[in-house]
Amino acid sequence: MLSKKLAIEVLNAALETGADYAEIFYEDSHSSSLTIENGKVETCNSNSMCGVGLRLLKENQCVYGYTNNLSKKGLLALANSLNKSFHDQRLITVTDLQMIRCKNRNPVVHSFDEVPLEEKIALVREGVEEIYSLKDPRIVRTIGGFGANHRFVAVFNSKGKWFKRDSEFGRLFYTVIVADQNGFESTFEGPGCQGNIDYFRTKVKAREVARKAAETAFKMLTAKECPSGVMPVVIGNGWGGVLFHESCGHPLESSAVAKGLSCFSNNKIGDFIASPIVSAVDDSTIPGEWGSIDIDDEGNLGSKRLLIKNGKLNDYMIDDFNGRRMGREGNGACRRQNYRFCPTSRMSNTYICNGKSTPEEIIAATKLGLYAVSFNGGSVDPTTGEFNFGCSEAYIIRDGKIAEPVKGATLIGKGFEILKHIDMIANDLALAQGMCGAASGSIRTNVGQPTLRISQITVGGRGGELK
Amino acid sequence: MKYDLFFKLAKEAGIQEAELYINESRSLSVSLFHGEVDNYSDNNGYTILARGIVNGKLGAASCDVWDKEKAAYLVKEIANNGKVIENEDPVIIFGGSPKYKKINTFNKELGNVSIDEKLAKLHELEEKIKAYDERIVEVAGVEYIESSEKVTILNTKGLKLSQQTNYFVYLGQAVARQGDQTKSGYDYLLANDFAKADVAKLAAKIGKETVDQLGGEACESAKYTAILSPDVVKSLVGVLVSHVDAEEVQKQSSLFIGKLDQKVLSSKITIEDKPLNKNVFARWFDDEGVATFNKPIFKNGVLKTYLYNLTTAAKDGVESTGNGYRQGAKMGVSSNFLVVKPGKKSLEELYQSVGNGVLITDVSGLHAGLNPQSGNFSLQSTGYLIKDGKRDRPLDIITISGNLLEVFNNILEVGGDETVFPEGVSTPSLVIKKLAVSGK
Numbered sequence: 000m001l002s003k004k005l006a007i008e009v010l011n012a013a014l015e016t017g018a019d020y021a022e023i024f025y026e027d028s029h030s031s032s033l034t035i036e037n038g039k040v041e042t043c044n045s046n047s048m049c050g051v052g053l054r055l056l057k058e059n060q061c062v063y064g065y066t067n068n069l070s071k072k073g074l075l076a077l078a079n080s081l082n083k084s085f086h087d088q089r090l091i092t093v094t095d096l097q098m099i100r101c102k103n104r105n106p107v108v109h110s111f112d113e114v115p116l117e118e119k120i121a122l123v124r125e126g127v128e129e130i131y132s133l134k135d136p137r138i139v140r141t142i143g144g145f146g147a148n149h150r151f152v153a154v155f156n157s158k159g160k161w162f163k164r165d166s167e168f169g170r171l172f173y174t175v176i177v178a179d180q181n182g183f184e185s186t187f188e189g190p191g192c193q194g195n196i197d198y199f200r201t202k203v204k205a206r207e208v209a210r211k212a213a214e215t216a217f218k219m220l221t222a223k224e225c226p227s228g229v230m231p232v233v234i235g236n237g238w239g240g241v242l243f244h245e246s247c248g249h250p251l252e253s254s255a256v257a258k259g260l261s262c263f264s265n266n267k268i269g270d271f272i273a274s275p276i277v278s279a280v281d282d283s284t285i286p287g288e289w290g291s292i293d294i295d296d297e298g299n300l301g302s303k304r305l306l307i308k309n310g311k312l313n314d315y316m317i318d319d320f321n322g323r324r325m326g327r328e329g330n331g332a333c334r335r336q337n338y339r340f341c342p343t344s345r346m347s348n349t350y351i352c353n354g355k356s357t358p359e360e361i362i363a364a365t366k367l368g369l370y371a372v373s374f375n376g377g378s379v380d381p382t383t384g385e386f387n388f389g390c391s392e393a394y395i396i397r398d399g400k401i402a403e404p405v406k407g408a409t410l411i412g413k414g415f416e417i418l419k420h421i422d423m424i425a426n427d428l429a430l431a432q433g434m435c436g437a438a439s440g441s442i443r444t445n446v447g448q449p450t451l452r453i454s455q456i457t458v459g460g461r462g463g464e465l466k
Numbered sequence: 000m001k002y003d004l005f006f007k008l009a010k011e012a013g014i015q016e017a018e019l020y021i022n023e024s025r026s027l028s029v030s031l032f033h034g035e036v037d038n039y040s041d042n043n044g045y046t047i048l049a050r051g052i053v054n055g056k057l058g059a060a061s062c063d064v065w066d067k068e069k070a071a072y073l074v075k076e077i078a079n080n081g082k083v084i085e086n087e088d089p090v091i092i093f094g095g096s097p098k099y100k101k102i103n104t105f106n107k108e109l110g111n112v113s114i115d116e117k118l119a120k121l122h123e124l125e126e127k128i129k130a131y132d133e134r135i136v137e138v139a140g141v142e143y144i145e146s147s148e149k150v151t152i153l154n155t156k157g158l159k160l161s162q163q164t165n166y167f168v169y170l171g172q173a174v175a176r177q178g179d180q181t182k183s184g185y186d187y188l189l190a191n192d193f194a195k196a197d198v199a200k201l202a203a204k205i206g207k208e209t210v211d212q213l214g215g216e217a218c219e220s221a222k223y224t225a226i227l228s229p230d231v232v233k234s235l236v237g238v239l240v241s242h243v244d245a246e247e248v249q250k251q252s253s254l255f256i257g258k259l260d261q262k263v264l265s266s267k268i269t270i271e272d273k274p275l276n277k278n279v280f281a282r283w284f285d286d287e288g289v290a291t292f293n294k295p296i297f298k299n300g301v302l303k304t305y306l307y308n309l310t311t312a313a314k315d316g317v318e319s320t321g322n323g324y325r326q327g328a329k330m331g332v333s334s335n336f337l338v339v340k341p342g343k344k345s346l347e348e349l350y351q352s353v354g355n356g357v358l359i360t361d362v363s364g365l366h367a368g369l370n371p372q373s374g375n376f377s378l379q380s381t382g383y384l385i386k387d388g389k390r391d392r393p394l395d396i397i398t399i400s401g402n403l404l405e406v407f408n409n410i411l412e413v414g415g416d417e418t419v420f421p422e423g424v425s426t427p428s429l430v431i432k433k434l435a436v437s438g439k
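These protein sequence lines are chains A and B, in that order.
Residue 370 in numbering that gives the first Met the number 0 sits at position 371 of the first sequence; the count goes up by one each step and never skips.
Residue 163 in numbering that gives the first Met the number 0 sits at position 164 of the second sequence; the count goes up by one each step and never skips.
Calculated from the structure, these hints are not laboratory results.
It should be emphasised that the depicted structure is a prediction, and the values quoted were computed from it without experimental measurement.
Built from N, CA and C at the ideal position, the CB exists for glycine as well.
Incorrect hints may have been included.
A short, non-exhaustive set of chain B residues, derived as facing chain A with CB atoms under 7 angstroms [said to hold, decoys possible]:
#1 Ala60
#2 Glu68
#3 Tyr72
#4 Asn86
#5 Val168
#6 Leu170
#7 Gln177
#8 Gly178
#9 Thr224
#10 Val238
#11 Val240
#12 Ser241
#13 Gln251
#14 His366
#15 Gly368
#16 Thr398
DSSO-like cross-link-like pairs, simulated, lysine-lysine; straight-line CA separation at most 30 angstroms [stated by the list, open to error]:
#17 B:Lys439 to A:Lys413
#18 B:Lys204 to A:Lys71
#19 B:Lys82 to A:Lys39
#20 B:Lys156 to A:Lys39
#21 A:Lys83 to B:Lys117
#22 A:Lys413 to B:Lys386
#23 B:Lys222 to A:Lys413
#24 B:Lys439 to A:Lys466
#25 A:Lys258 to B:Lys204
#26 A:Lys258 to B:Lys129
#27 B:Lys69 to A:Lys163
#28 B:Lys149 to A:Lys83
Covered stretches of chain B (chain A as the covering partner; in silico rule of three or more C-beta atoms under 8 angstroms from a C-beta of chain A) [unchecked claim]:
#29 38-51
#30 181-189
#31 370-377
#32 427-439
Turn these sequences into a full structure, and let the hints guide you.
Printed below as a string of structure tokens:
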């Protein structure tokens with residue numbers, strides 16, 4: 000790791016031409032991944048990543064660079080190259096660095112590093128064997144895998160602070176490809192957690208995860224094409240949270256809000272932006288969760304942000320740099336994939352809060368509509384609020400009952416309109432692990448929500464009119 | 000030499016054959032917001048992907064710093080990882096092709112253009128987007144990105160290959176508003192000859208694309224004759240061609256199993272893989288060191304070849320087609336530069352031949368709305384109605400849905416408006432019959 004002495008020297012070189020903030024982001028991470036395909040270990044790989052990202056700010060300007068040359072000469076060369084963007088007198092000199100202390104809510108309980116490769120292989124194989132035990136000739140290909148990442152980060156900044164963060168993540172995943180005379184279907188399941196192999200030994204059962212992937216694939220293979228048009232849609236808990244993540248989460252990040260580029264930019268705190276039964280949260284403090292962080296990439300502590308309170312806009316996800324245009328301090332949302340990315344405001348564990356109905360009541364109250372249980376993901380243009388997300392498992396609801404499965408459904412709309420059309424929320428909140436891609440790279444985030452109903456949303460599919 | 004230690008340690012560890020794939024990159028980017036530089040970055044990246052054969056199995060590891068410790072790390076990990084591999088596919092570290100057709104993809108001149116000149120064009124881009132139309136309320140951002148990359152392959156079979164590439168991109172995003180409706184538009188230009196960068200033309204394109212979308216509403220849900228813009232075809236053709244990957248075919252998950260030399264697409268379409276082209280995408284060797292060459296994949300709708308790397312080729316008893324490309328740690332199969340052979344008609348002529356239908360200009364959410372395995376898709380789209388042989392009003396909140404094979408079999412016409420995309424695709428518009436559009 001960098002010594003404090005060298006960090007101070009690099010920060011002061013960076014600050015020489017008038018930057019009002021400088022920050023060194025040091026990263027040393029190791030990851031490993033393996034895949035078992037059609038029963039045999041096919042790939043096994045290790046990766047070591049080590050580099051430094053240097054960020055300079057001056058008012059509303061941001062300068063960023065990274066290097067793998069971690070020698071004193073290499074780091075000073077980076078600082079002296081980046082500081083050429085400014086031409087003023089020095090404003091700040093760093094003389095000492097104090098350590099920021101924070102709660103360790105995400106300790107490494109039982110490190111993935113200490114688990115022998117053979118045990119990881121055995122874990123993945125359990126699920127693969129479960130799929131084969133189904134003895135279904137429609138199974139064409141199975142890919143099971145396990146990936147782990149141990150990430151050590153140290154940040155030094157010109158506020159005279161430094162901190163280090165040591166974290167570990169693991170993810171077990173299965174892809175099942177099935178086929179019949181009508182074509183192919185594939186499904187993916189991938190639960191993950193922080194720093195604890197016991198999660199995969201006790202809480203999540205590889206066999207169940209793999210079986211779920213296979214069963215969904217079979218169901219979708221025989222499903223009819225989803226009808227299209229505007230209809231009521233009940234969205235399942237857990238993965239259904241992709242709806243909120245895309246339609247509302249991204250537009251509430253300060254990277255969109257600060258420049259007036261978000262579809263919510265014209266709204267003020269306290270304005271109604273959703274149905275009054277909707278409250279929503281981004282919480283990076285949930286112990287051990289996939290999207291949790293104790294301290295963000297610029298030294299602000301993780302926090303719970305109540306984004307929407309009873310339908311009213313209440314808060315944003317803010318980083319210090321974008322916060323400058325908003326007159327706000329960062330609230331612990333500054334994140335990046337790795338040292339190769341300049342950090343910005345991002346989500347962590349984002350979810351819609353529990354309501355008062357039960358999932359059964361919501362289904363029973365829907366005469367004709369779609370029940371979208373799970374999703375492949377989606378995307379949004381934060382400026383227009385236009386979003387889409389594709390269903391991986393869906394059913395038609397007829398007379399208050401779940402009826403036939405359908406495939407190929409895509410839900411589209413404008414976030415600020417859809418939030419107002421949420422008319423029932425259940426009490427079965429669940430979170431689901433995903434990867435979110437945006438300006439500062441691909442990061443771990445949880446989506447989540449209870450089962451809820453949107454009274455009208457546009458559904459795209461190939462099955463004609465819903466009858 | 001810098002990397003000798005790795006090969007020495009590999010030999011000592013009993014690794015029979017070993018290889019390093021080294022990627023050195025430099026990227027510069029500057030973005031403006033309201034006439035001021037708001038982001039500037041200057042990055043030097045370095046990645047080393049190592050692999051080696053241990054008892055007939057391939058072990059792999061990678062890192063991004065080079066020193067004695069990392070050389071030892073790579074050797075240790077290759078040995079450990081290789082031991083657990085059970086796959087019985089042939090593993091090959093390649094000694095080299097008999098002949099390579101070298102192509103120059105590095106323009107030294109780009110480094111001689113001053114940052115002030117690059118910035119001046121960026122300011123011009125921002126100003127001209129803003130000035131294009133009074134309904135453009137914001138230029139969400141304009142950016143200049145310059146990238147250079149050097150790929151080197153070194154191995155114990157004596158292979159030593161290196162190719163350097165550079166290019167730059169100007170891009171911009173505009174926001175237009177009319178009443179309650181907000182629309183955004185985005186476009187870019189990519190090249191490596193700075194003198195040819197016409198940012199005024201780019202600004203006009205972005206401006207027009209953005210304001211033209213205003214005033215739209217959904218159309219009736221129905222099946223329409225549709226023009227798919229090059230932007231849309233580019234997204235679909237990439238997934239279509241992933242099914243000619245020999246690994247997908249061998250693992251029984253391709254739509255084209257057993258279809259070689261059969262007509263699988265409309266006879267109006269020809270799709271080629273052209274790595275030896277005259278643009279920044281050219282590659283004269285693939286990631287395994289095999290010499291690349293141009294070839295038709297689909298000729299007048301007939302499947303002419305699968306795409307192979309060394310391993311899949313050995314399994315099928317054929318030669319590699321020079322399509323071995325890294326997909327992370329794995330040596331996968333990929334096309335290099337796809338060219339959909341253009342026809343002759345202009346867009347206006349295509350409107351006339353369609354008469355009444357839709358023009359689809361963009362699709363979003365491909366990772367969620369397009370099932371790469373089945374080829375089924377349902378995608379959020381933007382576009383326009385076509386009425387009486389002319390482009391009519393814009394469409395808001397619609398999806399298009401169908402199946403890739405259906406789309407590429409339902410081609411009525413191929414346009415002459417070919418466009419090159421950074422994803423490594425050149426394609427014109429296609430006219431498709433009976434495309435399902437859902438709106439109202």
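Status of each hint after checking the structure:
A cut of 7 angstroms between beta carbons decides the hint on alanine 60 of chain B: the least distance to chain A is about 4 angstroms, and the hint holds. At its closest, the beta carbon of glutamate 68 of chain B sits 9 angstroms from a beta carbon of chain A; the interface hint therefore is violated under the 7 angstroms criterion. Satisfaction of the interface hint for tyrosine 72 of chain B is found here, the shortest Cβ-Cβ separation to chain A being roughly 6 angstroms, below the 7 angstroms cut-off. The interface hint given for asparagine 86 of chain B holds, since its Cβ lies 5 angstroms from the closest Cβ of chain A, which is under the 7 angstroms cut-off.
The criterion of a C-beta within 7 angstroms of any C-beta in chain A is not met by valine 168 of chain B, whose closest approach is roughly 16 angstroms, and the hint is violated. With its C-beta approaching chain A no nearer than about 13 angstroms, leucine 170 of chain B sits outside the 7 angstroms limit, and its interface hint is violated. Interface restraint check: glutamine 177 of chain B against chain A, minimum CB-CB distance 12 angstroms, threshold 7 angstroms, status violated. Violation of the interface hint for glycine 178 of chain B is found here, the shortest Cβ-Cβ separation to chain A being roughly 13 angstroms, above the 7 angstroms cut-off.
Interface hint status for threonine 224 of chain B: violated, as the beta-carbon distance to the closest one in chain A is roughly 17 angstroms, over 7 angstroms. The beta carbon of valine 238 of chain B comes no nearer than 13 angstroms to any beta carbon in chain A, farther than 7 angstroms, and the hint placing it at the interface is violated. Proximity of valine 240 of chain B to chain A is violated relative to the hint, the smallest CB-CB distance being about 16 angstroms (cut-off 7 angstroms). Annotation: serine 241 of chain B was flagged as interfacial toward chain A, and the flag is violated, the nearest CB pair being 13 angstroms apart, outside 7 angstroms.
Among the interface hints, the one on glutamine 251 of chain B holds; its C-beta lies about 5 angstroms from the nearest C-beta in chain A, closer than the 7 angstroms criterion. Look at histidine 366 of chain B: its Cβ gets to within about 6 angstroms of chain A, closer than 7 angstroms, so that hint holds up. Checking glycine 368 of chain B against chain A by beta carbon gives a least distance of about 4 angstroms; that is within 7 angstroms, so the hint holds. The interface hint given for threonine 398 of chain B holds, since its Cβ lies 3 angstroms from the closest Cβ of chain A, which is under the 7 angstroms cut-off.
Distance hint between lysine 439 of chain B and lysine 413 of chain A is fulfilled; the C-alpha atoms sit about 15 angstroms from each other, no more than 30 angstroms. Between lysine 204 of chain B and lysine 71 of chain A, the direct Cα distance comes to roughly 47 angstroms. Violation of the 30 angstroms bound is thereby established for this hinted pair. For the given pair, lysine 82 of chain B sits about 13 angstroms from lysine 39 of chain A by alpha-carbon distance, which is consistent with the 30 angstroms threshold. With a C-alpha separation of about 28 angstroms, the suggested pairing of lysine 156 of chain B with lysine 39 of chain A holds against the 30 angstroms cut-off.
Between lysine 83 of chain A and lysine 117 of chain B the CA atoms are separated by roughly 16 angstroms; this keeps the pair inside 30 angstroms, and the hint holds. Distance hint between lysine 413 of chain A and lysine 386 of chain B is fulfilled; the C-alpha atoms sit about 27 angstroms from each other, no more than 30 angstroms. Between lysine 222 of chain B and lysine 413 of chain A the alpha-carbon distance is near 24 angstroms, which keeps this suggested pair within the 30 angstroms criterion. Proposed proximity of lysine 439 of chain B and lysine 466 of chain A is supported: the alpha carbons are some 15 angstroms apart, at most 30 angstroms.
For the hint pairing lysine 258 of chain A with lysine 204 of chain B, the CA-to-CA distance comes to about 23 angstroms; that is within 30 angstroms, so the pair holds. Restraint check for lysine 258 of chain A and lysine 129 of chain B: satisfied, since their Cα atoms lie roughly 16 angstroms apart, inside the 30 angstroms limit. For a cut-off of 30 angstroms, the pair hint linking lysine 69 of chain B to lysine 163 of chain A stands: about 23 angstroms separates their Cα positions. For the hint linking lysine 149 of chain B to lysine 83 of chain A, the alpha-carbon distance of about 26 angstroms falls within 30 angstroms, and the restraint holds.
Counting residues of the stretch 38-51 of chain B whose CB lies closer than 8 angstroms to any CB of chain A gives 8, which reaches the minimum of 3, so the coverage claim holds. Beta-carbon proximity to chain A at under 8 angstroms applies to 3 residues in the stretch 181-189 of chain B; the threshold of 3 is reached and the given coverage holds. Counting residues of the stretch 370-377 of chain B whose CB falls under 8 angstroms from any CB of chain A gives 8; the rule of at least 3 is met. For a cut-off of 8 angstroms, the count of residues in the stretch 427-439 of chain B with a CB near a CB of chain A stands at 4, and the three-residue condition holds.
Violated hints, in rising order: 2, 5, 6, 7, 8, 9, 10, 11, 12 and 18; the structure is consistent with all others.
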